[in-house]
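Next come the chains, spelled out residue by residue.
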Amino acid sequence: MPTITINQETITVSDGTTIIQAAEKLGIEIPRYCYHPGLSVAGSCRMCLVEIEKMPKLQPACNTRVMDGMVVTTNSDKVRKAVSGVLEFLLVNHPLDCPVCDQAGECFLQEYYMKFGLYESRMDENKIKRHKAEPIGPHVILDTERCVLCSRCVRFVREVSKSHEIGILNRGSHSEIRLLPGTTLDNPYSANVVDICPVGALLDRDFRFQCRVWYLEQTPSVCPGCSRGCNITIHANRQRPHHADGRRVVRLKPRFNAEVNQWWMCDEGRYGYKFIDAPSRLVHPAIKIDEEFVEVGWKEAVGRASQKLDLALRKNKESVLVLASAQLTNEDLFVIRKFFGEKLGVAQIDYRVPDLRPKSEDNFLIRSDKNPNSEGARVILVEEGGFDLRNFLENPPQSRLSVLWLFEQDLVSKMGEGEALRLLTQADFVIYQGSNSNPTSRMADLLLPSATYAETEGTVTNFDGRIQRIHRAVDPLGDSLPTWEIIQRLARAMGQSYAYSGAESIFAELTQQVVEFDGLRYEKIPDNGVRLVDRVDVQVDPP
Amino acid sequence: MPELVLLKDCQESPLCTLDQYLNVGGYRTERKALFEMKPDQVTDEVKTSGLRGRGGAGFPTGMKWGFIPKNVDKPKYLVVNADESEPGTCKDRVIIERNPHLLMEGIAIASYAIGAHHCYIYIRGEYYDQALILERTIQEAYQGGYFGRNILGSGFDLDVVLHRGAGAYICGEETALLESLEGKKGWPRLKPPFPAVHGLYGCPTVINNVETLASVPSIIEKGGDWFAALGTPMNGGTRLFAVSGHVNRPGTYELPLGIPLREIIFNHAGGMKNNRAVKAVIPGGSSCPVLSADQIDVKMDFDSVAAIGSMLGSGGVVVMNEDTCMVKALLCLVKFYAHESCGQCTPCREGTTWLKKIIQRIYDGHGLHRDLEVVLDVAYNMMGTTICPLADAAAMPVRSFVQKFHQEFEYHVTHRACDVGLVRV
Chain A
50 MPTITINQET ITVSDGTTII QAAEKLGIEI PRYCYHPGLS VAGSCRMCLV
100 EIEKMPKLQP ACNTRVMDGM VVTTNSDKVR KAVSGVLEFL LVNHPLDCPV
150 CDQAGECFLQ EYYMKFGLYE SRMDENKIKR HKAEPIGPHV ILDTERCVLC
200 SRCVRFVREV SKSHEIGILN RGSHSEIRLL PGTTLDNPYS ANVVDICPVG
250 ALLDRDFRFQ CRVWYLEQTP SVCPGCSRGC NITIHANRQR PHHADGRRVV
300 RLKPRFNAEV NQWWMCDEGR YGYKFIDAPS RLVHPAIKID EEFVEVGWKE
350 AVGRASQKLD LALRKNKESV LVLASAQLTN EDLFVIRKFF GEKLGVAQID
400 YRVPDLRPKS EDNFLIRSDK NPNSEGARVI LVEEGGFDLR NFLENPPQSR
450 LSVLWLFEQD LVSKMGEGEA LRLLTQADFV IYQGSNSNPT SRMADLLLPS
500 ATYAETEGTV TNFDGRIQRI HRAVDPLGDS LPTWEIIQRL ARAMGQSYAY
550 SGAESIFAEL TQQVVEFDGL RYEKIPDNGV RLVDRVDVQV DPP
Chain B
-9 MPELVLLKDC QESPLCTLDQ YLNVGGYRTE RKALFEMKPD QVTDEVKTSG
41 LRGRGGAGFP TGMKWGFIPK NVDKPKYLVV NADESEPGTC KDRVIIERNP
91 HLLMEGIAIA SYAIGAHHCY IYIRGEYYDQ ALILERTIQE AYQGGYFGRN
141 ILGSGFDLDV VLHRGAGAYI CGEETALLES LEGKKGWPRL KPPFPAVHGL
191 YGCPTVINNV ETLASVPSII EKGGDWFAAL GTPMNGGTRL FAVSGHVNRP
241 GTYELPLGIP LREIIFNHAG GMKNNRAVKA VIPGGSSCPV LSADQIDVKM
291 DFDSVAAIGS MLGSGGVVVM NEDTCMVKAL LCLVKFYAHE SCGQCTPCRE
341 GTTWLKKIIQ RIYDGHGLHR DLEVVLDVAY NMMGTTICPL ADAAAMPVRS
391 FVQKFHQEFE YHVTHRACDV GLVRV
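Protein chains in written order, with the numbering used here: chain A, 50 to 592; chain B, -9 to 415.
It should be emphasised that the hints constitute simulated quantities derived from the structure, not laboratory data. We put the CB at the ideal spot given by N, CA and C, even for glycine. Wrong hints could be hidden among the right ones.
What the hints assert, rightly or not - Which bits of chain A does chain B cover? Going by a derived footprint, with three or more residues having C-beta under 8 angstroms, they are:
#: 1; region: 136 to 146
#: 2; region: 172 to 178
#: 3; region: 514 to 521
Model the full structure from these sequences, guided by the hints.
This is the structure in structure tokens:
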């Protein structure tokens, strides 16, 4: 374990640590362009040069491993001159078109100029003209004039996506990032190159000219696109509602989690956020009267639902079918279990609606289960030998259903129209509780608009049993409410005294009732989540 | 006449064929090494000789060989750097044209010393005729049993493959050469790891210059002490000085290390053309800081030239007389480096082109007074800040030209014209 000194501060690190990593541990910022912890070391931008005692030349901190007793300086005059020199070199041919560049505000040319540059320009030559604003794939647009040739994107397509679309072509100051002949940047992870591009060379076509980044607020969350549960940051524009066509959520960015997604996320997940502010959002409860939906208040909607439930349950508990969803949080699912299952005694609760749509899958991040919380739903809702929707669908009961309650379950899209209609027409009254309208919701008798994952809080459990928190980035749209809140209102309408103040209070009860969650504290769940089987406090006794 | 090592038997006519080479005692030393010496003894003899790399950096050859790890499962490679591209340098081609089997013998001995069974010769693309010569030479050497399986019955196997480069100066840098040899873009590698540990295809590799390897047979034949005695301390042997520019007899001369530069110009290269005065000399290829006329008494060995702030480099001596416009001469050089920068490291990629633009502007008569200060500082910022030495190679001549001939550059900026003719009148 070598001990080294950086700017008079001493730290002991493990063997093989580089200076840039050791400095990070000490909170000392070493500027960099080509270095990225998720990629191989290129050492070519020369921005991270540091002075090491007994070495005549400055050394790149990214490629220099620490040795015991090493004395490193990152703020000497020699280093500052070299770093500001490199920055000047990077800017001699840079177009300085920050006013029209989306990267402005999160650009490391700007950032480092303010910290390490601050010189007067002494460039009197004509700048080199290059390719500008070229779409190089469905999601990415390239501006080679802004490029600093750090090669992060090249290394990403070689080492992470392994799709090899980009290279640096030509030589010297004519070097340019280009697509290799015959390729398009269309791999399933293509937009990650936008995240790792330190400047405005690679931009997200989806986000381009939508909103200046300094209007964005960032909220940590988890991608609902599949059971991987990639950690994300939701970027929402709440300051300039007239931008981005009024959309509040304008982009998603991957958030580092060593155990789940490292630095990356797939394009499918990244661009799967559009439903949040889509025109198809259900924003008012509605009751179908003469084949037309009529907007009503929550009181009336909940009253209608409770009345239908009450009648059905008096008749027969088997006349109610509740289809929850692995899109919901653990807290939503727990309240559904508690109210429908334990309080009303409904046995027919499941979430496993067959999904016949073709599904992407790979051996990196993308999983075929397109729900973020299947593991949580299984733990909370499934009982050994209990109700199984697949049996129900294979051997439908002769008697009709009085109430079919759907949570985020678009049966038509998932099962196909024929199969879905068979189930939907078997019910006298269909309640659709969800965030967006779809072919199934349009066949419902009562619509209860619920908040999306970006508008609520709670926890989800990924395929690996990792419990991760999501946070509210924007308020629920219109009159929509979190799923648990709708159930709470229903329960109150039916004489129960539910008093949940939020996800945290539900989670506290969940840990008491569901053994897998035993001992967890909501506010103690770390940023990278907690994996059920890793918990030392859970001792599984042999049967 | 000084004693010759490299051009000894080929002064009158080249030793083109195997028979001609055998007639002057060729391949005897390979036999001696394979049968009478252990690999380490060969390396030790080369260490004793004080042989330093002739490619430009002057790194001790024996020490380089000694860096090859002994107990590894991986194959080891010898790579011959015949990518002679340093402006002002034309020595390796002389060896290839006049005594190609000497190189082959050196290759065989060096491979034996480091335990390599595969050797690649990387020759610059423009050396087409020389590549043909080497192809024929390799074929002859195989046929004579000096290469291939079980060489001369010694049990030592060695294969050699010739590879032609595609014309990039940077591929003369040893790790860019390895990349190019592997079929990749010629970008110098980040070090560490060094080629001795992680070289060609990730295996231990020695990269030696043609002239370096051609010196090896004599060292093994006559002993390291004999070779060392030819030069000055720590600078063993002779080397080929390629003299060009305003001299009466430009050409490649084999001379002992440590010979004064003045002697090279006036005794061997026939003195100055039309008896013009010496103005400047680049002592070791275009990458070396230029010397002014009052510095030509320097001894031409690695350490003496370094002591006056330049480098012996690749031995390319470029002599410029008093009629030379130093702005134009420098423009020539900076254009070359801007064209040949690989573009990997920021300071070199941007700096070489920036310098070229400023020098061009000064030459065109549009110089600004701050230009010279900017040129010096830009060059300074390029030095020691890149993966390979190309940035230094571009920056050092720039700084030396502008510093040593500052008035001439000032004149160009102030008067938008050249004063070279005026001064002489």
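Hint check results:
1. 136 to 146: That given contact holds, which follows from 5 residues of the region 136 to 146 of chain A lying within Cβ reach (below 8 angstroms) of chain B.
2. 172 to 178: holds (count 5)
3. 514 to 521: Per the Cβ count (0), the hint is violated.
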